[in-house]
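Below are the chains, spelled out letter by letter.
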Amino acid sequence: MITVFLQFLFSGLTTGAVYALVGMGFNIIYNSTSIINLAQGEFVVIGGLMMWFFTESAKLPFILSAVLTVLSAGLVGLLMERLTIKPLKKTDLLLMIMVTIAVSILMRGILMFKFGKDSYSYPPFTAGEPITIAGAIIQQQTLWVIGITGVCIVLLFFFFNKTIIGKAMRACAVDTTAAKLVGINVSQIVMISFILSAMVGAIGGIAITPISLMEYDKGPMLAVKGFCVAIMGGLGRGRGAVIGGFVLGILESMTAGYIHSGLKDAVALVIMLAILFFKPAGIFGSATMARLRKF
Amino acid sequence: MKKGEKNILSVFLVLMSFFCLSANTYAKEPYKIGALFAVTGAASFLGEPEKNTAIMLQDQINKAGGINGHPLEIIIEDTKSDETQAVLSAKKLLERDNVLAILGPSTTGESMALVPIMNNAKTPLISCAAGAGITNPVEERYWIFKTPQYDTSAVEAIYTYMKKHGIAKVGIITISTGFGDAGKKALHELAPKFGITIVADEKYGPKDSDMTTQLTKIKASGAQAVINWSVGPGQVVVTKNWHDLKMGIPLYQSHGWGSKKNIELAGKAAEGVIAPLGRLVVWDKLPDKHLQKALLKKYTQDYEARFKGDPGTFGGHAYDAIMMVVEALKKEGPDKKKVRDYIEMKIKNWPGTGGIFNMSSKDHCGLDMSAFEMVVVKNGDWELLK
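Going line by line, the protein sequences match chains A and B.
In this text, residue positions in the first sequence follow our numbering: the first is 140, and each later residue adds one.
In this text, residue positions in the second sequence follow our numbering: the first is 4, and each later residue adds one.
Possibly wrong hints are sitting among the right ones.
Claimed, not checked - Quick list of simulated restraints, FRET-style, between CB atoms:
1. A/Ala241 - B/Tyr145: 44 to 52 Å
2. A/Ile422 - B/Gly251: 48 to 56 Å
3. A/Gly274 - B/Lys288: 36 to 44 Å
4. B/Glu142 - A/Asp231: 56 to 64 Å
5. B/Ala297 - A/Val406: 33 to 41 Å
6. A/Ile422 - B/Asn123: 54 to 62 Å
7. A/Asp231 - B/Val141: 27 to 35 Å
8. A/Val409 - B/Asp184: 55 to 63 Å
As the list claims (entries may be wrong) - With a straight-line cut-off of 30 Å between C-alpha atoms, the simulated DSBU-like cross-links for lysine-lysine are:
9. B/Lys264 - A/Lys256
10. B/Lys167 - B/Lys271
11. B/Lys263 - B/Lys166
12. A/Lys253 - B/Lys339
13. A/Lys253 - B/Lys210
14. B/Lys264 - A/Lys253
15. B/Lys334 - B/Lys196
16. A/Lys256 - B/Lys83
17. A/Lys256 - B/Lys300
18. A/Lys256 - B/Lys95
19. A/Lys256 - B/Lys381
20. B/Lys66 - B/Lys381
21. B/Lys35 - B/Lys339
22. B/Lys263 - A/Lys256
23. A/Lys256 - B/Lys301
24. A/Lys256 - B/Lys292
25. B/Lys334 - A/Lys253
26. A/Lys198 - B/Lys263
27. B/Lys351 - A/Lys256
28. A/Lys253 - B/Lys263
29. B/Lys334 - B/Lys167
30. A/Lys256 - B/Lys94
31. A/Lys256 - B/Lys311
32. B/Lys166 - B/Lys35
33. B/Lys35 - B/Lys83
34. A/Lys253 - B/Lys83
35. B/Lys95 - B/Lys125
36. B/Lys271 - A/Lys198
37. B/Lys125 - A/Lys253
38. A/Lys256 - B/Lys271
39. A/Lys256 - B/Lys296
40. B/Lys311 - B/Lys381
These are computed hints drawn from the structure, not numbers from a lab.
By construction, the Cβ of each residue, glycine as well, lies at the ideal position given by its N, Cα and C atoms.
In isolation and in its complexed conformation, chain B is listed as follows:
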């Protein structure tokens, strides 16, 4: 090799390494967003997939070059499913880390505790909890958004389906947790609007092992259908008891039913159970041209490949929250007010995992009952009902 060639080669190599360096270590400062998830504690079944989703998306976005060249840094704090811890962690994120927005928290209680803090700090919060009170009344929730569907939308989806099939008298059975109480309230409030009468109203504890008594009462009340509102093992126990009792009336579950695990655990008892489910769990049954299908497929498959488990609807709530903030940062840059305005005004006809979002100054959730598909369990799998 001649000397000149050598020089050219070395210059080239230096340039190359420089190029590589600048591609890997960003010249621009990172965009920091905070995340409050209940990774441990009672609501850890929500926080776990949310945390995983945040880690996965952060890696994917940074691998693809970040947000306009700025790397994305998601600072995840564990709220331990506790309101006080959520408030402390939020203050840490706002004051020490100076985050541009906060994702989460995972539960309604924690989200409500943060409303005044976020309004004072003038920083957007995109909650991953379902309670309607998080974003209503919207005038007092200027900085607050949420991605999960309203409980009331799930109730509307069930009642609409029931009305179509001539069911007018229902018995409801709910779990004695925040989730069950919210569902119970929504079921009672919306019933008159659909001409439905609630003829039995039963409850059970989150760790109860037998609900035959409650179901027997519902059966005796002359109900034409049972609606169970719970998450966790309770919904499987109710399904088994319903099957054993041969009640002769259909069982409806809430939108918390959407995990294949439930079908596995309930076995053949799950056959015929109807529930309104987000499209995340039934993405493979959707027509190809559906707006949500491509993103649901990618998200589910990526998640399964990395974490060896299905993300459930809960991981999806974090996905939607992150992607909204990322899109706003991409379009508007690191300005909290502009990010907020972008999410309120520009998230229109926006496909996410939870549904097709239409945010507005009147609705900081942007989903209605069209976010749900009515799904029945058939041969150990989901099947869409028309």
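Looking at chain A on its own, in the form it has when it is part of the complex:
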């Protein structure tokens, strides 16, 4: 009985780790621009597919491939911001969000052209059998994903709270005009936030592909789930997204295990609706902060 429960829990951790990493990417752009970047899922796909390209197709060593993948995703983020967000004359948030949807469709098209419709995968970071705890198994790669998520959180926390650029990014999110007045180069900050979130997305893609495989059209599903957890945790709260991710993953798994697997996606949606109804600021967001938000 306990074995079964543990197994459900570990399965939830595996999916939850994936959601958490995507949810974090949403927060970076949101924190500096108040934009919800719906192309976030595509960054994750780019991470997985480029990693495959560098390791399996170009046969480069693992570390080099990972670095190249993250850099190329950063480049995509940069291009996306410079070519589609910056030229917008009106800085209407809703318009910008719609632009990100358009970009996500475009990216999916390009990825399909380059990689086709097949699924891709490469071996996990560390080979070997899954780890057994009280009869339940957990894949080594899941531990990697959780570990990488943790490292990302710590780094991002320091970046946003201790560095000048990070603080400047947060200032931009609160009030762009005020940020400009104190001498912050807003345009540059927005660009950096896109590069950063593309990189975080790509890191997520690199980590989850050995577990879940990657194909060109996985982006929307990841974006929806990632968005869910970002809202659950309170938009803009890095920790919130991570905890939200694991909560959602585990809830889905428990629903599948103890109620029925056909219902698990419905549960996620019901929870999200409930949060939006009763605690719109998210589990970890404060109501005062939510009122200051533009979106």
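Following the hints, position chain B against chain A.
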């Protein structure tokens, strides 16, 4: 050179060029057939190899002189995996292009949407989708045929094999798409006939990344085997999870498992997975005298040479549809009714990529469970089970 010789030579040259011309540009009008494939959209993994196959066969047939001297023209329309688009494209093919027959569509939903249209237009449709409802009830599907095997035949093949090996309790896990739902229905319907009890019935979404929970439940239910019914990455994830959990019971996959890509992606986790597969993917393991071997070999090798990828079973469905229509046109000429009658009455013991077809006025698919071979993954390759 004397003048006379010169004249003879020039006459000869003119004649030669005339001959060449008439061999290249056909004097006869082309036979037009339409094709509706989901080249883009959700079902593009079906439409892509189907489209490629149609282009390849059209070139091959025309290079060999067409159909009784008439060139074959296949007009391919992209349905974008969408029923509405399929209907619009079908109307265009019927009204503007005046096609003699339509191949496809790629999915069951699209095919069902076309049934009334084709019956009204009195034009044969040879669907490349698997759903049993496409050709049943056959009285209301006068003009409709299909080339893929029935889902139920794949289930019968699995259950027959299980019965032989003493498996009576199974747990099933299906994907929440049309393909998975059809499989689930067939698995439930046929189970009593083979004395099999379904003790667990689980589902997952097409983009899910972990199915350990569902498999754990199946394991706890006391099943003697797992049957997974899906296409796409889900079947690889299930295979990996099944291997990691060391479930101790065999994993059966549907006929959607038949791509080497799956073995590559699942790696050693795929060892021991059993599935009923069409002979297209295992043609090199067939005995030489098998009726289908020669055509499977030619089709696979031609396709790989031209498109640098394997056609999968889906390209084969288009191959069968095209070849049936071409044979009917060759024997009966451009008459829709005669083409229909020919396919219904004369496609008997007819080897295609999907199996050996036996069409009749009662069965517009013409395949049964003998179209499948039970195949196990061994050392990263397929191996036929007896």
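We went through each hint and held it up to the structure:
At roughly 46 Å, the beta carbons of A/Ala241 and B/Tyr145 sit within the given window of 44 to 52 Å. For A/Ile422 and B/Gly251, the hinted distance range of 48 to 56 Å is not satisfied, since their beta carbons lie about 40 Å from each other. With their beta carbons about 39 Å apart, A/Gly274 and B/Lys288 fall inside the hinted range of 36 to 44 Å. Judged by the Cβ atoms, the range 56 to 64 Å given for B/Glu142 and A/Asp231 holds: they are separated by roughly 59 Å.
Checked against the hint of 33 to 41 Å, the C-beta distance between B/Ala297 and A/Val406 comes to roughly 54 Å, which is inconsistent with it. For the pair A/Ile422 and B/Asn123, the supplied restraint of 54 to 62 Å holds, since their beta-carbon distance comes to about 57 Å. Evaluation of the 27 to 35 Å hint for A/Asp231 and B/Val141 yields a failure: the beta carbon distance comes to about 58 Å. A C-beta distance of roughly 23 Å is found between A/Val409 and B/Asp184, which places it outside the suggested range of 55 to 63 Å.
Annotation: proposed proximity of B/Lys264 to A/Lys256 holds, straight-line Cα distance about 12 Å (limit 30 Å). Straight-line distance between C-alpha atoms of B/Lys167 and B/Lys271 comes to about 27 Å, which keeps the hinted pair within the 30 Å bound. Our distance criterion of 30 Å between C-alpha atoms is met by B/Lys263 and B/Lys166, whose separation comes to about 27 Å. Pair hint A/Lys253 plus B/Lys339 does not hold up; C-alpha atoms about 41 Å apart against a cutoff of 30 Å.
Annotation: proposed proximity of A/Lys253 to B/Lys210 holds, straight-line Cα distance about 20 Å (limit 30 Å). With a CA separation close to 17 Å, the supplied pair B/Lys264 and A/Lys253 stays within the 30 Å bound. Between B/Lys334 and B/Lys196, the direct Cα distance comes to roughly 42 Å. Violation of the 30 Å bound is thereby established for this hinted pair. This hinted pair checks out: A/Lys256 and B/Lys83 have alpha carbons roughly 14 Å apart, not beyond 30 Å.
A distance of roughly 25 Å separates the Cα atoms of A/Lys256 and B/Lys300; the hinted pair therefore holds under the 30 Å criterion. With a C-alpha separation of about 28 Å, the suggested pair A/Lys256 and B/Lys95 falls inside the 30 Å cut-off, and the hint holds. For the given pair, A/Lys256 sits about 26 Å from B/Lys381 by alpha-carbon distance, which is consistent with the 30 Å threshold. Restraint check for B/Lys66 and B/Lys381: not satisfied, since their Cα atoms lie roughly 40 Å apart, outside the 30 Å limit.
Between B/Lys35 and B/Lys339, the direct Cα distance comes to roughly 12 Å. Compliance with the 30 Å bound is thereby established for this hinted pair. For the given pair, B/Lys263 sits about 15 Å from A/Lys256 by alpha-carbon distance, which is consistent with the 30 Å threshold. Distance check on the hinted pair: A/Lys256 and B/Lys301 sit about 25 Å apart at the alpha-carbon level, within 30 Å; holds. At most 30 Å may separate the alpha-carbon atoms for a hinted pair to count; A/Lys256 and B/Lys292 exceed this at roughly 36 Å.
Straight-line distance between C-alpha atoms of B/Lys334 and A/Lys253 comes to about 43 Å, which puts the hinted pair past the 30 Å bound. At roughly 21 Å between alpha-carbon atoms, A/Lys198 and B/Lys263 fall within 30 Å of each other, so this suggested pair holds. The straight-line distance between the Cα atoms of B/Lys351 and A/Lys256 is roughly 36 Å, outside the 30 Å bound, and the hint therefore fails. Simply put, A/Lys253 and B/Lys263 have alpha-carbon atoms about 21 Å apart, close enough for the 30 Å limit, and the pair holds.
At most 30 Å may separate the alpha-carbon atoms for a hinted pair to count; B/Lys334 and B/Lys167 exceed this at roughly 44 Å. Distance check on the hinted pair: A/Lys256 and B/Lys94 sit about 29 Å apart at the alpha-carbon level, within 30 Å; holds. Pair hint A/Lys256 plus B/Lys311 holds up; C-alpha atoms about 14 Å apart against a cutoff of 30 Å. This hinted pair does not check out: B/Lys166 and B/Lys35 have alpha carbons roughly 48 Å apart, beyond 30 Å.
The hinted pair formed by B/Lys35 and B/Lys83 meets the criterion: a straight-line CA distance of about 22 Å does not exceed 30 Å. Between A/Lys253 and B/Lys83 the alpha-carbon distance is near 19 Å, which keeps this suggested pair within the 30 Å criterion. Our distance criterion of 30 Å between C-alpha atoms is met by B/Lys95 and B/Lys125, whose separation comes to about 15 Å. Taking the CA atoms of B/Lys271 and A/Lys198, the gap is about 21 Å. The hint holds against a cut of 30 Å.
A distance of roughly 42 Å separates the Cα atoms of B/Lys125 and A/Lys253; the hinted pair therefore is violated under the 30 Å criterion. Of the pairs offered as hints, the one joining A/Lys256 and B/Lys271 holds, with about 23 Å between alpha carbons and a cut-off of 30 Å not exceeded. Simply put, A/Lys256 and B/Lys296 have alpha-carbon atoms about 29 Å apart, close enough for the 30 Å limit, and the pair holds. Straight-line distance between C-alpha atoms of B/Lys311 and B/Lys381 comes to about 25 Å, which keeps the hinted pair within the 30 Å bound.
Hints 2, 5, 7, 8, 12, 15, 20, 24, 25, 27, 29, 32, 37, counting from the list given before, are not met by this structure.
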